[in-house]
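**Q** Each chain is listed here by its residues.
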Amino acid sequence: MLAIYRLALPRVYGYLLPRCGDTALAEDLTAETFLAAVAAASEPAAPEVSVGWLIGVARHKLVDHWRRAGREQRAPTAGDLGAEAVDDPWDEVVDTSAAHSALARLPGQQRAALTLRYLDDLPVTEVAAHLGRSLHATETLLVRARAALRRVYQEERDDG
Amino acid sequence: MADSLRALRLPVVPVEPRQEFAASLLRRLEHRTGQFTPGAATARYFVTDLDAAVSFYTQQLGFAEELRAAPGFAMLYRGDLRLLLSVPGQPGAAGTAAGEPEAEEPAAREPGASELSQPGGSNRIVLGVTDLTATVRRLRASGVRFRTGITPGIAVRQALLEDPSGNLVELFEPVTGYHERQGGT
Numbered sequence: 000m001l002a003i004y005r006l007a008l009p010r011v012y013g014y015l016l017p018r019c020g021d022t023a024l025a026e027d028l029t030a031e032t033f034l035a036a037v038a039a040a041s042e043p044a045a046p047e048v049s050v051g052w053l054i055g056v057a058r059h060k061l062v063d064h065w066r067r068a069g070r071e072q073r074a075p076t077a078g079d080l081g082a083e084a085v086d087d088p089w090d091e092v093v094d095t096s097a098a099h100s101a102l103a104r105l106p107g108q109q110r111a112a113l114t115l116r117y118l119d120d121l122p123v124t125e126v127a128a129h130l131g132r133s134l135h136a137t138e139t140l141l142v143r144a145r146a147a148l149r150r151v152y153q154e155e156r157d158d159g
Numbered sequence: 000m001a002d003s004l005r006a007l008r009l010p011v012v013p014v015e016p017r018q019e020f021a022a023s024l025l026r027r028l029e030h031r032t033g034q035f036t037p038g039a040a041t042a043r044y045f046v047t048d049l050d051a052a053v054s055f056y057t058q059q060l061g062f063a064e065e066l067r068a069a070p071g072f073a074m075l076y077r078g079d080l081r082l083l084l085s086v087p088g089q090p091g092a093a094g095t096a097a098g099e100p101e102a103e104e105p106a107a108r109e110p111g112a113s114e115l116s117q118p119g120g121s122n123r124i125v126l127g128v129t130d131l132t133a134t135v136r137r138l139r140a141s142g143v144r145f146r147t148g149i150t151p152g153i154a155v156r157q158a159l160l161e162d163p164s165g166n167l168v169e170l171f172e173p174v175t176g177y178h179e180r181q182g183g184t
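Protein chains in written order, with numbering that gives the first Met the number 0: chain A, 0 to 159; chain B, 0 to 184.
Hints are computed from structural coordinates only; laboratory data are not their basis.
Keep in mind that this is a model prediction, so the values were computed, not measured.
Glycine is no exception: its CB is placed at the ideal position from the N, C-alpha and C atoms.
Some hints could be false.
Restraint ranges, calculated between C-beta atoms of paired labels, are given here [unchecked claim]:
{"no.": "1", "chain 1": "A", "residue 1": "V93", "chain 2": "B", "residue 2": "R43", "range": "41 to 49 Å"}
{"no.": "2", "chain 1": "B", "residue 1": "T41", "chain 2": "A", "residue 2": "A44", "range": "28 to 36 Å"}
{"no.": "3", "chain 1": "A", "residue 1": "E155", "chain 2": "B", "residue 2": "I153", "range": "49 to 57 Å"}
{"no.": "4", "chain 1": "A", "residue 1": "P43", "chain 2": "B", "residue 2": "T147", "range": "43 to 51 Å"}
{"no.": "5", "chain 1": "B", "residue 1": "R5", "chain 2": "A", "residue 2": "D157", "range": "20 to 28 Å"}
{"no.": "6", "chain 1": "B", "residue 1": "Q117", "chain 2": "A", "residue 2": "G51", "range": "44 to 52 Å"}
Stretch by stretch, here's where chain A covers chain B in the computed footprint (C-beta under 8 Å, at least three residues) [as the list claims (entries may be wrong)]:
{"no.": "7", "segment": "18-28"}
{"no.": "8", "segment": "118-125"}
Not close to chain A: a few residues of chain B, all C-beta gaps over 10 Å, as computed [said to hold, decoys possible]:
{"no.": "9", "residue": "A6"}
{"no.": "10", "residue": "L7"}
{"no.": "11", "residue": "T134"}
{"no.": "12", "residue": "G142"}
{"no.": "13", "residue": "G152"}
{"no.": "14", "residue": "Q157"}
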């Protein structure tokens with residue numbers, strides 16, 4: 000673990016920072032990731048510690064954080080209104096950084112689902128596993144999340 | 000259907016976190032694993048007055064205290080550097096009469112405590128600071144003894160001072176623009 004610390008630290012932090020967009024939170028989650036990895040590595044039949052495995056742990060910590068945050072603030076937001084949203088085709092995302100910042104305004108579960116599916120490019124089955132949801136529920140969540148993202152993205156473009 | 004969202008893909012690009020964060024997390028991990036990092040630098044200074052030395056390094060030079068396990072021994076850190084302070088003759092002071100030799104070697108070849116554990120000498124630790132002029136002014140004002148003023152070095156400005164036991168500490172600040180000028184076309 001300590002042998003790859005110098006190599007892994009900038010990669011784990013580099014994974015977390017742009018996804019959570021907050022230095023203090025990225026540091027907290029980075030610390031949680033390494034401390035959890037140290038605990039896991041001392042178990043019998045522990046997986047071999049690699050950068051890829053650590054990023055998997057970081058991904059888990061990030062999703063956990065959004066799940067906790069989602070429970071704390073259950074005020075309705077733009078994303079919650081999208082129950083009947085239709086998954087119609089979206090024109091090219093012309094401004095990726097605007098889309099990333101729109102993503103930060105979505106509720107935790109939607110943000111988690113879109114981050115795993117698109118930023119991390121995971122297949123829907125793996126997104127479902129990370130979120131602890133069925134495949135069907137995950138697909139529904141993704142439909143709503145895409146509609147919510149599109150709405151926030153276009154609102155911000157209209158405002159700006 | 001949502002193919003346009005593929006543009007959101009974000010490959011992992013390494014980002015160096017704050018150095019203080021990196022160093023403090025490493026210490027927490029070392030604590031958990033009971034290991035240490037062989038690559039990290041540790042220096043040992045012999046001091047005559049441990050309290051004075053700990054105050055000096057923590058209050059004047061930005062070290063933090065990590066451990067004070069014995070009356071004659073303290074462990075400090077600053078960024079990646081760990082600094083051991085030992086009072087000669089006290090337990091924990093390596094190379095002194097208090098430390099028993101590990102291997103059975105002829106006693107005559109063991110250097111005496113006075114030979115290997117005196118404060119002073121001309122080797123020194125070298126610490127980076129962001130504003131050397133202001134740092135030197137502040138340290139002088141609090142009564143720190145300087146052996147040199149600010150002098151130019153290779154790509155740096157530097158100054159040499161003494162801790163309360165007479166050990167040398169060199170401060171440096173990189174000279175801005177040096178690398179650009181060297182590499183310029």
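**Q** Does each hint hold? Answer for all of them.
**A** The hints, checked one at a time:
Here the CB-CB span from V93(A) to R43(B) is close to 60 Å, at odds with the stated 41 to 49 Å. For the hinted restraint 28 to 36 Å between T41(B) and A44(A), the CB-CB distance of approximately 34 Å keeps it satisfied. For E155(A) paired with I153(B), a C-beta distance near 51 Å keeps the hint of 49 to 57 Å intact. Distance hint check: the CB atoms of P43(A) and T147(B) are about 58 Å apart, inconsistent with the given range 43 to 51 Å.
Between R5(B) and D157(A) the beta carbons are some 24 Å apart, a value that agrees with the proposed interval 20 to 28 Å. Between Q117(B) and G51(A) the Cβ separation comes to about 51 Å, which falls inside the hinted range of 44 to 52 Å. A stretch counts as covered by a chain when three or more of its residues have a beta carbon under 8 Å from one of that chain; for the segment 18-28 of chain B and chain A the count is 6, and the coverage holds. Counting residues of the segment 118-125 of chain B whose C-beta sits closer than 8 Å to any C-beta of chain A gives 0, which falls short of three, so the coverage hint is violated.
The non-interface label for A6(B) is inconsistent with chain A: the shortest C-beta to C-beta separation is roughly 5 Å, within 10 Å. The non-interface label for L7(B) is inconsistent with chain A: the shortest C-beta to C-beta separation is roughly 4 Å, within 10 Å. Taking the minimum C-beta to C-beta distance to chain A, about 26 Å, the non-interface status of T134(B) holds against the 10 Å cut. The claim that G142(B) is not at the interface with chain A holds, since no C-beta of that chain comes within 10 Å of its own (minimum 37 Å).
The claim that G152(B) lies off the interface holds: its Cβ sits roughly 27 Å from the closest Cβ of chain A, which is beyond the 10 Å cut-off. Distance check for Q157(B) against chain A: the nearest CB is about 27 Å away, which clears 10 Å, and the non-interface claim stands.
The structure fails to meet hints 1, 4, 8, 9, 10 from the earlier list, while all remaining hints are met.
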